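Protein chains: 4
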Amino acid sequence: MQKDNRFESGLHEECGVFGAYDFSGQDVASSIYYGLFALQHRGQQTCGIAVTDTSAKMKITAKKGPGLVNDVFSEETIEELKGNLGVGHVQYSADKGKGSVSAQPLVINYVKGTLAISYNGSLVNGADLKDELTRTGAIFQSENDSEVIAYHIARERINSKNVQGAVKNAMKKMQGAYAIVVASPRKLIGVRDPYGLKPLCIGKADDAYFLASESCALSAIGAEFIRDVEPGEIVSITKDGIASDKSMVMEKEKRAHCIFEYIYFARPDSVIDNMNVYHSRILAGKALAKSYPVEADLVVGVPDSGIAAAKGYAEGSGIPYGIAFHKNSYVGRTFIKPKQSQRESSVKIKLNVLSEVVKGKRVIMVDDSIVRGTTCANIIKMLKAAGATEVHVRVSSPPFLYPCYFGTDVPSNEVLIAHSHSQEEICEMIGADSLGYMELDKLQETVGDICYCDACFTGKYPMAIPENIIE
Amino acid sequence: MQKDNRFESGLHEECGVFGAYDFSGQDVASSIYYGLFALQHRGQQTCGIAVTDTSAKMKITAKKGPGLVNDVFSEETIEELKGNLGVGHVQYSADKGKGSVSAQPLVINYVKGTLAISYNGSLVNGADLKDELTRTGAIFQSENDSEVIAYHIARERINSKNVQGAVKNAMKKMQGAYAIVVASPRKLIGVRDPYGLKPLCIGKADDAYFLASESCALSAIGAEFIRDVEPGEIVSITKDGIASDKSMVMEKEKRAHCIFEYIYFARPDSVIDNMNVYHSRILAGKALAKSYPVEADLVVGVPDSGIAAAKGYAEGSGIPYGIAFHKNSYVGRTFIKPKQSQRESSVKIKLNVLSEVVKGKRVIMVDDSIVRGTTCANIIKMLKAAGATEVHVRVSSPPFLYPCYFGTDVPSNEVLIAHSHSQEEICEMIGADSLGYMELDKLQETVGDICYCDACFTGKYPMAIPENIIE
Amino acid sequence: MQKDNRFESGLHEECGVFGAYDFSGQDVASSIYYGLFALQHRGQQTCGIAVTDTSAKMKITAKKGPGLVNDVFSEETIEELKGNLGVGHVQYSADKGKGSVSAQPLVINYVKGTLAISYNGSLVNGADLKDELTRTGAIFQSENDSEVIAYHIARERINSKNVQGAVKNAMKKMQGAYAIVVASPRKLIGVRDPYGLKPLCIGKADDAYFLASESCALSAIGAEFIRDVEPGEIVSITKDGIASDKSMVMEKEKRAHCIFEYIYFARPDSVIDNMNVYHSRILAGKALAKSYPVEADLVVGVPDSGIAAAKGYAEGSGIPYGIAFHKNSYVGRTFIKPKQSQRESSVKIKLNVLSEVVKGKRVIMVDDSIVRGTTCANIIKMLKAAGATEVHVRVSSPPFLYPCYFGTDVPSNEVLIAHSHSQEEICEMIGADSLGYMELDKLQETVGDICYCDACFTGKYPMAIPENIIE
Amino acid sequence: MQKDNRFESGLHEECGVFGAYDFSGQDVASSIYYGLFALQHRGQQTCGIAVTDTSAKMKITAKKGPGLVNDVFSEETIEELKGNLGVGHVQYSADKGKGSVSAQPLVINYVKGTLAISYNGSLVNGADLKDELTRTGAIFQSENDSEVIAYHIARERINSKNVQGAVKNAMKKMQGAYAIVVASPRKLIGVRDPYGLKPLCIGKADDAYFLASESCALSAIGAEFIRDVEPGEIVSITKDGIASDKSMVMEKEKRAHCIFEYIYFARPDSVIDNMNVYHSRILAGKALAKSYPVEADLVVGVPDSGIAAAKGYAEGSGIPYGIAFHKNSYVGRTFIKPKQSQRESSVKIKLNVLSEVVKGKRVIMVDDSIVRGTTCANIIKMLKAAGATEVHVRVSSPPFLYPCYFGTDVPSNEVLIAHSHSQEEICEMIGADSLGYMELDKLQETVGDICYCDACFTGKYPMAIPENIIE
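Protein chains in written order, with our numbering: chain H, 1 to 471; chain F, 1001 to 1471; chain C, 2001 to 2471; chain A, 3001 to 3471.
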């Protein structure tokens, strides 16, 4: 699957979060900006930054809106965001028709002052919690769960000693997947759901601490990766340093890290829960090579996510790795889509085959997933037009069969090719000479010893899914 | 005072509201757009429209943002706002640094579904109500009172038979000035505070009903003016027609309509509480003519609000009315302000004197108010440079001396020229040959028999002002 | 005719020009900006500024584009336009479909360096000159005559002593209406066509000289009006002061100043060729009062241009002058036009009747012209709906019957109501109780002793019109 | 060298050109749009499209402006560009301070009607030709040579039978590098300079012919590559098909194709003058492997242009190819540059090292060129920080030592690291363990038997360079 297909046919991660606290008092808005920039692949529809100055009055300044990080922020707006503590957010999904109301961070005034909240995830009991809250008079201005979380923190804060206590009590009510960073006027707090479905890690540079969805955001700002936040852990960064409450941390075997972070969502230069994403994709390629060997001349990957798995397949099979595609660097959001009737196709405009490389060759083409099948079919057609004599498709994930309730926007079943077709049928539909999907029981070897959630392939969810959200 | 000075030195009205319900099912977004266009003088910083389709699922679609009505809306965005019931809003003041979050209408999900609220006013007990709400776990995403009102409606709705009942119970807690229009999925509701500080009226055209801050918005859309909403009245427009709850209506003598709507805020082509605004200004001019007669050749008004009062002075005094100024039609928001050091001045760029008219004449110049005095001084200088031999200034309002707690953004006392200077001093400072302010006891005759609030001149507020908001 | 109707149905002036030279070395871009701001009514489609620093290398810096002056220029872009000599331009008509290529000033490199040219007018032999030029290899990048003029100056420069000499020789070939300001790296030059069809005047402030289409632009920047450039005169402003070449100046009786500048185009606060525009409109109103007396209660003017003539009619007739209309100050370019099917109409959104003023009254309504008749009909309908018992229309210009070849964009004959209907028919079509157009032989008394062009009413053009441009 | 460094430190190609003629009458604007999209790497500062309808009046419609293709064009503007024949352009360099005047295509009216010209290149005698033209009265509105070319075509057209004849006569006067496509109302013409310095090729799809700077633009629109335009050839596409005038074609041995197209400018999926760009880079990598062998564990390429050469080095040396970098896909024009004082660096934000891949490895890093050396030094530092034990740099071009006069924007000598430092010094300055530049005498083997221009390395220009342009 190509990253650029996100806007057309692919899977969508909901969000990326980032937090920063500079003890030396320097402004953090630009670090948050670069951090979000590195997390842009996790959400392209809205973004925002909220900051506060820990040495001044308890006031949070925020700027957010629809668009990419470099659409929403300019040198001038970054300059205006004064403060040495703050959080940022990139989001895939905005409630359409409600303007920019639901861009995050959510900035609230509440009983103890003010808070900014950046949230990535999905609460399976979100609708229930919302109902409960509305029954006691709450109002909601957006569709996402961030307000639900804010209300819980606000209500728990009344009887809690401090914000982190309120966050903890709120977590006891929240079921689902989440990574949350909270900026209170004097604290930066980070938490992950006890299953560890969503990633969050800690970094440090000079006098500043950082929290980020992925470690690549730490690299981008020259910060050192310290460690992952543990699933269920509550990290509080105050002027006294880092404190940690691990009372809600579950045993390792119950954890359920999202396998799709490794397969597709995360950047290959990130390390999540001690597993290097690039390495995981290499292992996936190797596993595919073992499961589905085929005689061929060349292994190629579909940019961007298929590249590493293709490299792995090549290493596993001994068949040479090749670069078969040129991806247009200027393809972006505002690209005018070709009409059906035109000679041009979106795939051709984004990707071109290096015919020199594939001409006369039997090609193994590795991609991370097949959603609708149309993009894949087009690419195979292009390879063959360029002279590839055979195209064997290897997919570094098992077929999608079940919905994700944890914040991944999988298209509905009718659209998923694997839902209504056998592997043989798909192979024929996409025009491949052979097709191999990652075997379910090989997934483990692609991520070392971590415990993961593979419910989208198996239907086995790590927690009970309430009836009211099962369609 | 010139309308265009609003952005520099003047008084600011906070908002204008508009509501529409078309029983025949036609979209109302364009009517709301034109209605807001006619109310643009009441607020230029943000605007918004929220609509719902009474024949469909209970869903509200909204679009709002910073800017003038024709900046925020395009033909395309109006087209997307499908629905035959809706509310709109123009607002002077956005909370800066919080993005566009606080543009109205406020759209909420609450215990009984969804609501859109447009609100013009200021609650004197707003801060207290907010404190009370936060103590029970409420969160606030903006600085204005609209969320306070929304919470009260939401909480009251739990034990009320219907929305209008909840609105009524909410009104019992709210003290201050307000005009509110509420769109629920099947109802359009309009209310005014019991003192009638803020205006609101009802119109009709074909199968549609409208609510508007001023009747000029009804004219703009070709609707007939039906009547004012009574102070304290709750008007509910449903598919069964208009219903009215007048149980909170006070006796007429206790009402306190804002006198400044007549003097300056409202458009001259509006009728508010049965008093024609233009006529009121004519009467003001006549009263000035009686109080401060002077021998002169010409009466001129400072555009735009001074024009009608000048006409009145001319009629009252028998001295000919003249057109002394050309106002540049292209002066707008983005106008680059001249620097102190330049030959150019903002006043000169906006206004030019028709020297032909004033040359060799003794001129009576009528304006609606004097805030800082600098604009007035500049205009007098221009008149004299153009050959006016005398300039007698007549102001159609008494001097500002007290803060307004009801939503009018009066500059702080230090800036108000009348606060620290006598009438004689002001006359000298602005370079006038004589100066006359409207006499307090003549105000009544400018507005017929209506009861009005003149606290900004007298300090006598129609209701108790809580200590915590008195600076 | 309303100014805001320009975009719909009215007459269009093509351009306004401005020039500035500050001997003290100060930047002139901001003065040009404010000057163009004051001339904005002469053209709203493109604008531009070009400046040069007389103490530096011969380099002209320019910024131009589509839109109003405050759309195209920001504080930042004005800041970037460094230089103490420059010219500016506002233009009605852009060649559509050619991008912003034809915005002026036209900046050229030519045999002797570089020039910036701002031009207002129309050459009746423009097409012929263009043909001649192309026959010798010239290329044209826009549709307007500015390149024709530039080529002539460039070619004449080869054998001329200086720029003003080249301009003079170019003028000998150019037939038509024009006012041109030219910035060469060390000189500011201004010329008018020998008939004086287009206005141009000279101003001064401190160490700076200015050239402007109308004197109102001088007032806006605090400059003193010195005098008009004489028709046919070539004014050269260099560091040594103003020099003048009057060898092409014609006798006064042959001049043909455009009568429509006085009736409609120019701002009332301008003085053109020693005639005050406001005063001319007053005289026009008086002439109408004499020609078409009628018993009535009130004289009202249609904003903006009808106002002064209405005042004149009132003075002439002794019938009181009244203010019958409120014009919405926020109507601008991006205003969404109501559809035919809507309750709203463009006229209602722009103008509202003050019913208080006209109710029960016999009204004389004065406007400057009737083009299509639809706007006029709508306004009359509004007046009657507001209670006017009679509406007598008086038009301060004779009926349009002939095309203008000098740069005024009159709609084609089919559209002009006066072209195909008698005065009686028009009166009935617009729903007026009586109708009177300015009498041709009264025009002279509205402009004193100046010689004017009234070809649009009479078909008598001051110069021969080539066959090839008569449609 | 990274493509994204173009905006900071790299070399700049001036332009890309595209032409289309659809005999079936279909609009070509969208094909031109996608073609330019594929050529965007050749110029990011302005772009434009001009079209004409061969069955209608001789009228060219154009739209152009500053920005990337998908900034300047929207679905709506493409829709407005009606016509089945047209040309497009992407340009690196706009004359600053002259607005958007100089975006191409240049659209002109001239003696025989109208023309649109897209031009890529640089005329070494451009200044002389311009002088000559101005001496006979020509005016220039931009700094680039497109007007010079237009004038020559226009002047030659007077005595030529047809446009292609005029183009031919113009070519006789033009010395330098160029690829030009011209749209006349009934013809599409394409020419290349006789040395073939700039590329141009012909494609076909259905009933349409295309001309493009690179074949990748043909692929993007689903067109078949037909052949290169020969150096000196004039291709005329009319309704009667393709005609060719080869009278100015030089013998093959005199040709001088720009070697930098292969090394860096062109997309790897293009074929230029029968040489596949990707393959050429593979050969370059192999040549480097032979010239500069070194013991190492891994060969990596700097994205994007270093990738193919790295693959070649790996193939040549037998050392495994690895993927060492993740490039952020969202880096674009509006990216806020980090300040010196910040932890962040531009390089880190764009590129991150996959430490998993390089940890403990001796790495050979291949890049296409070293300009200033700073980016290279930063990348080496990142590799070492990620655990690379050695970093051996191989550069697929010889050191830059001489200016390019043919339209490549090489930074001035002072900035070029190779200009003032020996290879050993550079190696130390960038912190590499060894450094090898492509050997001059190996260049030939990277491009097969084509004759190329390598003046930037050798100072041997294929034609005489006039004194007046040598700085």
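What the hints contain is simulated information worked out from the structure, not anything from laboratory work. Owing to the predicted nature of the structure, the values given are computational and were not obtained by experimental measurement. Where is the CB? At the ideal position from N, CA and C, for every residue including glycine. Possibly wrong hints are sitting among the right ones.
[As the list claims (entries may be wrong)] Anything over 10 Å on all C-beta distances counts as not near chain A; from chain H, calculated:
#, residue
1, R343
2, S412
3, E428
[As the list claims (entries may be wrong)] Taking lysine to aspartate or glutamate and the EDC-like style, the derived pairs with C-alpha atoms no more than 16 Å apart in a straight line are:
#, chain 1, residue 1, chain 2, residue 2
4, F, K1337, C, D2207
5, A, K3172, A, E3156
6, H, K460, H, D433
7, F, K1337, C, E2439
8, F, K1337, C, E2079
[What the hints assert, rightly or not] Partner residues aside, some chain A positions facing chain H, computed with beta carbon under 8 Å:
#, residue
9, Y3034
10, Q3040
11, T3054
12, S3219
Hint-by-hint comparison with the structure:
no.	hint	result
1	R343	4 Å, violated
2	S412	27 Å, holds
3	E428	24 Å, holds
4	F:K1337 / C:D2207	22 Å, violated
5	A:K3172 / A:E3156	11 Å, holds
6	H:K460 / H:D433	32 Å, violated
7	F:K1337 / C:E2439	45 Å, violated
8	F:K1337 / C:E2079	13 Å, holds
9	Y3034	5 Å, holds
10	Q3040	4 Å, holds
11	T3054	19 Å, violated
12	S3219	5 Å, holds
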